[in-house]
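Trainee: Top to bottom, those sequences are chains A and B.
Going by my numbering, the first sequence wraps up at 387, each residue one higher than the last.
Going by my numbering, the second sequence wraps up at 387, each residue one higher than the last.
Honestly, I wouldn't trust all of these hints.
Same chains, same label: a pair holds when it works inside one copy or across any pair of copies.
To be verified - DSS-like mimics (lysine-lysine), calculated; alpha carbons at most 30 Å apart, straight line:
{"no.": "1", "residue 1": "Lys-320", "residue 2": "Lys-298"}
{"no.": "2", "residue 1": "Lys-230", "residue 2": "Lys-298"}
{"no.": "3", "residue 1": "Lys-59", "residue 2": "Lys-186"}
{"no.": "4", "residue 1": "Lys-300", "residue 2": "Lys-230"}
{"no.": "5", "residue 1": "Lys-43", "residue 2": "Lys-376"}
{"no.": "6", "residue 1": "Lys-376", "residue 2": "Lys-319"}
{"no.": "7", "residue 1": "Lys-128", "residue 2": "Lys-11"}
{"no.": "8", "residue 1": "Lys-230", "residue 2": "Lys-320"}
Source of the hints: derived by calculation from the structure; they are not laboratory data.
Quick caveat, the model's predicted, so the values are computed rather than measured.
There are 2 protein chains.
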Amino acid sequence: MNSFTYFSPTKLVFGRDAVEQLNGLIDDKHKKILLHYGGGSIKRTGLYGRVIKILKDRKLEIFELSGVEPNPKLSLVRRGIELCIRNEISFILAVGGGSVIDSAKAIAIGALYDGDIWECFLDESKVKAALPVGVILTLPATGSEASASTVITNEEGMLKRSLDSDYIRPEFAILNPELTLTLPDKLTFAGITDIISHVLERYFTPTENVDLTDHLCEATLRSVMENAYKLIEDPNDYNARAEIMLSGTIAHCGILGLGRREDWASHRIGHEITALYGTTHGVTLSIVFPSWMKYVYKEKIDRFVRFAVKVFDVNAGGKKDEEIALEGIAKFEDFLKDIGMPVRLSEIGITTEHFELMAEKCTSGGSVGSFKELNKEDVINILELAL
Amino acid sequence: MNSFTYFSPTKLVFGRDAVEQLNGLIDDKHKKILLHYGGGSIKRTGLYGRVIKILKDRKLEIFELSGVEPNPKLSLVRRGIELCIRNEISFILAVGGGSVIDSAKAIAIGALYDGDIWECFLDESKVKAALPVGVILTLPATGSEASASTVITNEEGMLKRSLDSDYIRPEFAILNPELTLTLPDKLTFAGITDIISHVLERYFTPTENVDLTDHLCEATLRSVMENAYKLIEDPNDYNARAEIMLSGTIAHCGILGLGRREDWASHRIGHEITALYGTTHGVTLSIVFPSWMKYVYKEKIDRFVRFAVKVFDVNAGGKKDEEIALEGIAKFEDFLKDIGMPVRLSEIGITTEHFELMAEKCTSGGSVGSFKELNKEDVINILELAL
Chain A
1 MNSFTYFSPT KLVFGRDAVE QLNGLIDDKH KKILLHYGGG SIKRTGLYGR VIKILKDRKL
61 EIFELSGVEP NPKLSLVRRG IELCIRNEIS FILAVGGGSV IDSAKAIAIG ALYDGDIWEC
121 FLDESKVKAA LPVGVILTLP ATGSEASAST VITNEEGMLK RSLDSDYIRP EFAILNPELT
181 LTLPDKLTFA GITDIISHVL ERYFTPTENV DLTDHLCEAT LRSVMENAYK LIEDPNDYNA
241 RAEIMLSGTI AHCGILGLGR REDWASHRIG HEITALYGTT HGVTLSIVFP SWMKYVYKEK
301 IDRFVRFAVK VFDVNAGGKK DEEIALEGIA KFEDFLKDIG MPVRLSEIGI TTEHFELMAE
361 KCTSGGSVGS FKELNKEDVI NILELAL
Chain B
1 MNSFTYFSPT KLVFGRDAVE QLNGLIDDKH KKILLHYGGG SIKRTGLYGR VIKILKDRKL
61 EIFELSGVEP NPKLSLVRRG IELCIRNEIS FILAVGGGSV IDSAKAIAIG ALYDGDIWEC
121 FLDESKVKAA LPVGVILTLP ATGSEASAST VITNEEGMLK RSLDSDYIRP EFAILNPELT
181 LTLPDKLTFA GITDIISHVL ERYFTPTENV DLTDHLCEAT LRSVMENAYK LIEDPNDYNA
241 RAEIMLSGTI AHCGILGLGR REDWASHRIG HEITALYGTT HGVTLSIVFP SWMKYVYKEK
301 IDRFVRFAVK VFDVNAGGKK DEEIALEGIA KFEDFLKDIG MPVRLSEIGI TTEHFELMAE
361 KCTSGGSVGS FKELNKEDVI NILELAL
């Protein structure tokens, strides 16, 4: 196990009555808050009205910034920062999914950063403070509600970049699984793919002797997959929604990566696909991860054998390691198909046309990944396997 | 899954170089600190000298209070409180195992409580603040280094009582597995029994639909047992020590109990044995837990079947539920014997003499446990099963 420092102070408020606890979660010292959200969905579901009522009862002065899109944009972040500075806003409430939360986190940094916010994405050591952020989560996926990270897309050059800092771990996360009952299947299962991929990015590690977190990763993967199948049967299953919602938080709050070197190559490759084609994040992972696995499994085949046996109950009896490993990868791909996710670029109309460009952008800062350190050529090979 | 609120802000600093990071962990605003520890073991190992050097380099004014014994006493807590108030101490550093940490937490509350500290143990809602506490852990067991609880023994009436409050979650926990390499086997394995019991108190729940935490509990149990066997083979195995140390924190930081009603009857019964006989906490659990299991398994046999199959790989084929459940319990008892723990009261010389008194004290505030709510008669029956 590697040395580590871990800090996860986000207060999780979970259950059917979680939104109603918002009142007690925002410190009295805050007088002006930014309410940050996406489009009309929180208005259609009535969540917007409930939140506004609670905030108004508190006599908080509310500034609104809506319009966050999937893969949140730097331009909107800049508008949010300006709004916060001009109005001396001291708290940001993000109501939505990972894009809204990530946008809020970037605004939170920018409001206290003396310079342009993109500088922090290029060098995260520049982050020395951030406004407090609270979250009401509507889509379990990114785990941003309790994570230290934000991912923003800079429209100039279509650069999708992440930033990690403990300063942006949210102060609280309100998690009401009921809010997810009305999600379209596409979002539900893209979210589940994202959750699973957050575990996999930690599970496939070059670090040896990480038994506890190995077991915890496998536990989380099994639970998420079991409940994904329950949601195929019945999207209105509150209990399954609850499991998925909690899993999304656990998968990315950092617990599962304690003492492990993490990988993140599949995310990095996926980001390039999104930056160029606007593809949903979960879809890129569903396509990239199986191909990444097929490309790297020989690096440390034991890990893939374990994955097959412990996560997919592959019967190892009398089989060679390679056979077991490949059976595990095939079962993972089957699962993705079962939940309706595409697993090939061709399914979403992407050709080899920009492989070179994507691989170039992906590796412009050096190799990516740790399970196997990938160079530009490797990234192209993985994209080709995903065709 | 039940609704819940969860908050665990303790910064974990883990690894061989963790102690040396102490300097950066105590906020500059603190000028006077209480160094709280047990007997001479931290002096023998040199840890005391390392800590003093770091604190002196920081020019902190150090007040020392040593003498914490296993099952920390209220009288010492009161001395610590007086010391803190008289000297305007603003930070407590606990160096040791769970007893030292629990004592430090009680002092931290008492220093800011207007009244006698024992009142807080009788009514934990009276806790409204606490001094910050930092921890350097030397014995993985109680999980107190990141938990919200403290257990103190009031010598008047030999009452051993616990108190839960988020105010006493430590600010940081320094976890260096090397510090545990020299532990005597008795402490190592009593600690491991405590860690396992913290998982079991959460695993055996009346709450339905808690898939993720079920899986996470099973994962932790398996990992702890695997590494316990490694430490029987080689007590100097750093990697196994590291797994056990991290498991101790995870087992009791609250993650494994999210959304579950917990039980804690075995701990409550164990506390009465300790209060009367001074028995090591882990030893009481090793004796009580298997008997508790044998007494309650019929309440919800599915849970014990799952325990047998998922934790102990009991082959369920063609067997009745009861048979599977009992096989799981037997395997758990075997494990405890394998690591050298007693599993019967007779092994430690305890007879039926005070069963009545222990059961009376244990249930004086009403029934205990949630998997099965136990009254006085039930507690006596469990103690008799443990003879």
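Trainee: Honestly, which of those hints from before does the structure not fit?
Mentor: Hints 3, 5, 6 not satisfied by this model.
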